[in-house]
Amino acid sequence: MSRPPDSPHTLQQAIRQGAVWRGDRCPPITARPSGYPALDAQLPGGGWGLGQINELLHRPGQGELALLLPALRRVAEEGRPILLVAPPWIPYAPAWAQAGIPLAQLVWIRATAADALWALEQALAEPDCGAVLGWAGPRLDDRHARRLQLAARRGGGLGLLLRHGAPESVASPFPLRLAVAAQGDGWRVRLLKRRGPPLSEPLYLTQPDSSFRPRPESPLPCHAGLLEFDATPRRRAA
Amino acid sequence: MLWLAIHLPQLALDIFPPMPDDGTALQRPRIVVASHGRGERLALVDALAASLGLKPDMKLSAALALVNELTIHRRKPQAEASALTQLAAWALRFTPTVATVPQTLLLEIGGCLRYFGGLDALRAQVEQGVAAQGYALASAVAPTPLAAQWLACHGDGATVTATAELPTALASLPLTVLALEPAPAQTLRQLGIASLGQLLALPRAGLGRRVGKQLPLALDRALGHAADPRDPFIPPDRFERCIDLDWPVETLEVFVKLAARLLEALDAFLSGRGLGVQTLFFRFTHDDHPASGLRVGIGRPTRRAAEWLAVLRERIVHEQLVAPATSVTLVADTLQLLDGRPLTLFGPQGGQGLPELLLARLGARLGQGAVIGVATVPEHRPERAWREAAPGTAAAALPVGPRPGWLLPEPQPLPWRNERPWHGEPLTCLGRAERIESGWWDGGDVARDYYVAQGESGARYWIFHDCRDGGWWLHGCFA
Amino acid sequence: MNPTHPATPAPGYAELHCLSNFSFQRGASSAQELVERAHALGYRALAITDECSLAGIVRAHVAARDCGLKLLVGAEFALADGLRLALLAPDRNAYGDLSELISLGRRNAEKGDYHLSRDDVESLSRRLLALWLPSDAPDADDGRWFANHFAERAWIAVELVNGPDDQGRLAQLRWLGEATGLPLVAAGDVHMHARKRRPLQDVLTAIRVGRPVAQCGLALFPNGERHLRNRSRLARLYPPELLAETLRVAERCQFVMSELAYEYPAELVPPGRTAAEHLAALTQQGLMVRYPEGIPLRVQAQVAHELALVAHLRYEAFFLTVHDVVTFARGQNILCQGRGSAANSAVCYALGITEVRPEDGNLLFERFISVERGEPPDIDVDFEHDRREEVIQYIYAKYGRDRAALAATVISYRTKSSLRDVGRALGFAEDQLDRLAKNLSWWDDPALLGQRMVEAGLDPDSRAVRMLLILVRQLRRFPRHLSQHVGGFVIACGPLARLVPIENAAMKDRTVIQWDKDDLESLGLLKVDVLALGMLSALRRTLQMVSALRGRPFAMRDIPREDPAVYRMLSRGDSIGVFQVESRAQMSMLPRLKPEKFYDLVIEVAIVRPGPIQGGMVHPYLRRRDGIEKVEYPSDAVRDVLTRTLGVPIFQEQVMKLAEVAAGFTPGEADQLRRSMASWRQSGTLERFKQQLCDGMAERGYDSEYIERIIRQIEGFSDYGFPESHAASFAILVYFSAWLKCHEPAAFLCGLLNSLPMGFYSASQLIQDGRRHRLDVRPVDVQISQWESTLEDNGQPQPAVRLGFNRINGLGEAVGLRVAQARPAGGYRSVDELQRLAQLDKRALAALTESGALEALAGHRRAAHWRVAGIDPAHDLGNTDSDAAPDLLTPPTLGQDLVADYRSMALTLRAHPVSLLRERLSRERMHTAVDLRNRRDGQLGRACGIVVGRQRPGTASGVTFVTLEDETGNVNVIIWRDLADLQRRELLTARLLAVYGVVQREGRVVHLLAQRLVDLTGRLGELPSSSRDFH
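Protein chains in written order, with the UniProt record's numbering: chain A, 1 to 238; chain B, 1 to 479; chain C, 1 to 1031.
The following block holds chain A by itself, in its conformation from the complex:
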């Protein structure tokens, strides 16, 4: 694998990016851009927070992976692994590969609900993990939540917790919580909790690419001399 494109060149840079853990102090909030400028503008640090749990309330199948995809792709580009801890279904390899995630960097951890939290904690605490995605249902007891948050801080990577059916109002130890729902060709995102002033208006995001989210009415892929379209791979007639 080639050198990560944005590996730190100076110590300051490294510290700013959170690549170095400065033992006694709390790590500064660092973030990884989500790939959606409108969203990044509202997220503390300008993206998904690192060294913390980012909590997404969603209904499965509403484009939650597609929303995370730009950030995950960046993680993958850096050669770092992405761990899926107890996802609801099979991560379908052809789709993930089409979406630009090298499968060699994708790890699927299967675990029972009890083990899942332990495994998630272990994974979050590992500094070498680029991104850790965990799934949890409506109930998550506070003690566990705190442990996860602590582990995420130890590890310093991108921690994402996807929750289905959790009430929006319950307090949590996680610094960021948003609710995602499909809307037209993209999403309606509500920031329920963030460091800093809350946001009352929902954000409307449109999908920048078709991976994970087919759009049959999308402009047609074609290499057409002067005109530029992006080409999706298509089954070649053998």
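There's no promise every hint is true.
If the Cβ cut is set under 8 Å, some of the chain B residues that face chain C in the computed set are [stated by the list, open to error]:
no., residue
1, LEU60
2, ALA65
3, ALA201
4, GLU379
5, HIS380
6, GLU434
7, GLY443
Lysine-lysine pairs mimicking DSS-like chemistry, simulated, CA-CA at most 30 Å apart [said to hold, decoys possible]:
no., chain 1, residue 1, chain 2, residue 2
8, C, LYS594, C, LYS630
9, B, LYS213, C, LYS416
10, C, LYS416, C, LYS517
11, C, LYS508, C, LYS416
12, C, LYS842, C, LYS517
13, B, LYS76, B, LYS59
14, C, LYS517, B, LYS55
15, C, LYS416, C, LYS111
16, C, LYS416, B, LYS59
Hints were generated in silico from the structure; no laboratory data involved.
Cβ coordinates follow ideal geometry from the N, Cα and C atoms, glycine included.
Once you've looked at the hints, dock chains B and C against the given chain A.
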């Protein structure tokens, strides 16, 4: 010098475990085949096969024409070599000077006859030991290793103790025991030379000119006229270290401390040699209980004690000692190269590759098979277009149509309401069907029209219409 | 999405892109299936666009003509610079362009492949219509290339096959159409006629990529949509204007294959003369040579009659072409002989194309060329097999490579090859397939396949095996690749490539056209067959030696005709080495048929064939000939046809004529009957004729028993009917070779030995036969032998035969010639001298030594080996090897010498191996071949000999014939199926076999009917077999 040669005529066959003989089933003839040009030829046949007319060097197709029911083994030269190695290592208990040639073990026994109670007793002990390990054998004793080897190969159990007797003893042997290259063998056959006696009668110089210098030299060595130095057998690499305890270990915590010591020793043993191990075995002996053991594995070879210790800790979470242990032995049977991966002073390079240690820990706790990767499979049927793989397995993206990020383990039937498939909400198909019709060859033939369908909530699904039974099914979610 | 669609009125449609199974390993249906299906679906037209090929187009044309579908002629191409397209021929000139383009592509690449670039297409694009087959990510510039080079003649093919995103694809192509100005047209990328062929199509893909189907992954099509879909379905998939456009494209294609006409080369006629005049003049000249004492009136009249017929049909140029080739061969002293329907005419006799005299048979020319049938004449010319290449090169040189090429032979899948390929594709293990293929040798009825599966240890009810059987049946008879016809030349007036594509053959410097002889015949194109025949080489060599012996030239025409001694010899079954009648079946027929005149040989040649044997003609004929059965004719008309074969139809021509006179067939129908006879079982087209025959004969008052018999006999011909014209041409060679065997046996043996491999027998068997005829055969000797076997004066009436170096395995011709040429007058003085003068390397020396050829020079084999092995040719130090060791080397025993003889030359002159075992065999009360001949029918017999032949003829149901050779002659053993199965191992592997059985004799013909076989091979030591095994 006195040499005992143990010839293993059936080695190629003996390395395969015999069929369980339950007394009722008909024994099938067994043969070993080796590839030969474009086809395969028989290398060795068992007695049953031989009685049916099968012979070495026959074409496999010819053999199949003769006998339909055959157990066919493909020859495994490496397994043969390692079996021989194993036997040689075992034979070191009799004499420090052991040598191997293909199919034959050579033991210099002149110095140890007395210790084992004389030639006959020693020979019987060796023969029984080899036979007990499942090998057919023929042995011979002679003052030179080559003579012993040739005599054993001939198989009549000769014993020659004096060099002067050698010419007579060897004279009646057929040339086949020499295992000559094809060219000299051909020349000798053309000259009408069939026995060693005839060969020994020929002038050596003239012979050398016609078949090469090797053969006269071998003859001189066999007769003891020329020196025949042998490289002694060196046992293979293996690590085994035992800690005997004055006071039995009762808890795993204490065991871990002992293990740490053993692992350090292993680390020291391996370091500097570019070697690592992938599995370790801890053997425990107990006072009132048979020995027990614990096997520990890791995803790639390593020698680092710290890594092993971390894995060991997770491994023993669900374990306990069967009884207090009086000794702990660490055995590393298979040493492996470290795969060219450099071990830096500060551990693995940040950001590169997978966090092996984490994965090993997770695997140790959750069980093998819980920590996996996924890979694509070039296959049209969606449920077969992916597979589980070892983490870190690279796979190319496949050029296919829209595919969902989540696949259901099994397609789930969709009820039909108001002329539409229903999944908690009515679904609307977007676009035209992608037809997938494939898999007739393995009984998993499918004929399906796949659609991307959208619910009122905005959720998108991958559903299909089964062209055969007309049903509608949910197969994935576009998350 | 709703599976129930409203009924759509089916629009008109023409499929413009369709592959047949001549796109090897791609198309999964035959042209006939495709055409018939398209017709049934109501398509307006169907284009066959095989990949860079027109090899299947003639079949498609015939099928389309028969069912009345419009066929468009085209081809598909994948260009080397990355572009896929299909081209269609709107008219004859465009067809010429297409054919030329295919030829260009094929000639540019290895056999079976092609290579074309855009430049190539541009050069021939002025008349062809083009369909662009865009890739998944098409480039508009490619479209502009089409627009530029195929102005108003190019379309974008829209192929919607329920892919991942048909809607997107359509929109993409629409956009592309607008960007390039090309119109869109619907097409189907058809690979099979019906969806049910998907498994076979997948298997073909698997064969193409060389992996089992299960591992082919995305190389397979994702679905079975690439078939001829019904029109209402197409209407739901395509916008109507795209479907309508297919009709406009089809409308522009007005070319029909039958427009292809063919003109003969003009250079054969001297200026100022017509072809007819020239042919007449040549014929007259020839007659004067043939009949120096005056041309018989009958012959004169026959010639006039034939010339008139030839002139009427305008076939002069054809006869002139054959004459030209034959004249060339004569000039080069290459022996040749014509055969085929027109070959035995008086004209051909006059022109020297055949030696069959018009007065020797009652062969009517009309039988071979008829006005009504309009069928092209057929003359095959056999040349000496080792000199045919000279003739071929002459034709290439004379007419040029652009005008002369060989016809193709379509190599089709047989049961065995389809079993292998399908089996591999389905992932069966090689050893399972080995077992199956082994059990499946040609005698097995394909219908018994299932049973064979069980024997091979497979469960015939398992899904995999059932699939295997179904797919094997489907794949059988599919074309697999094109090969070159043995010698069918097509010679054209202009460039051949504009008539039919030409491609490279496997042989260097050979080119073949893409059509086979049936295709040529379907289109009425003429070809000249230039074939190879080993017997002609042997005859030429023999005649040369006889000329030398007699001191004057002796040619075929000098051989006295109708010599009773020759017929007496043949009637004894003494025919080893004689052309055609030397097989075991022929040998046992000769004593029954007792030929007395030339025409008997014609019948002999034709009657021992699967056709007459299966049709049950043999026994009636023999009984009638022996006067046991009365010769009767149901009518005078039938008498005329069958009188020369005693009322039994033996020749193909008789069957045709019978259909005409007895069942009222027109000559054209009779010709169709002949053609369908070749594929009677396969296509079932004969059912139609069978009914017509029955009805026609019943109408004319023939009784049902006679009708049934005739029908059965015709059915017999379905396997191999033999035309009388061929039989006559072969019979003359039978006579010539028999005469030479009878009167010049030494020269004949020598001629045969030097022409091997040919015929039925090995050198050893020929020599055994010669020695039984008291010929003096002498061993190879470095001091005397030449490369070829030679005659040596021995003071006897028949000279001795000295074996040549060419009998020695592993000795090259150049080496053998050097040994003979470098030999000093008094012979070589030592092995060293031999090595030095003949510049022999170790290999050559070893081969000579092993053969025993050094015996005179260096003593017995072992002593010679010691000497030879001591020589180091690399260091030319001469006699450095003084350590003579022969004393220590015991001379080989006779048995050991025998073994060495066989190993080196596959023959021995010392003693028959069995004679060495005779003492013990006699104690075991084994009979010799001669003993056996004197035993009575039904007596017990025991024989032991070397297995020199195993045959399982397709005609003899389940019987294996084994020939054993001992020191006194051959024993013919018959083994029934039961015993063969029981003693399979002995039958298949024994080289020395003892047979216990019962003597069966009929007149002079003696067989041993086996009851038990014993393998005595062990007694031979390592004597190698020289038998012609059947596996």
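Give me the numbers of the hints this structure contradicts, sorted from smallest to largest.
-> Structure breaks hints 9, 12, 14.
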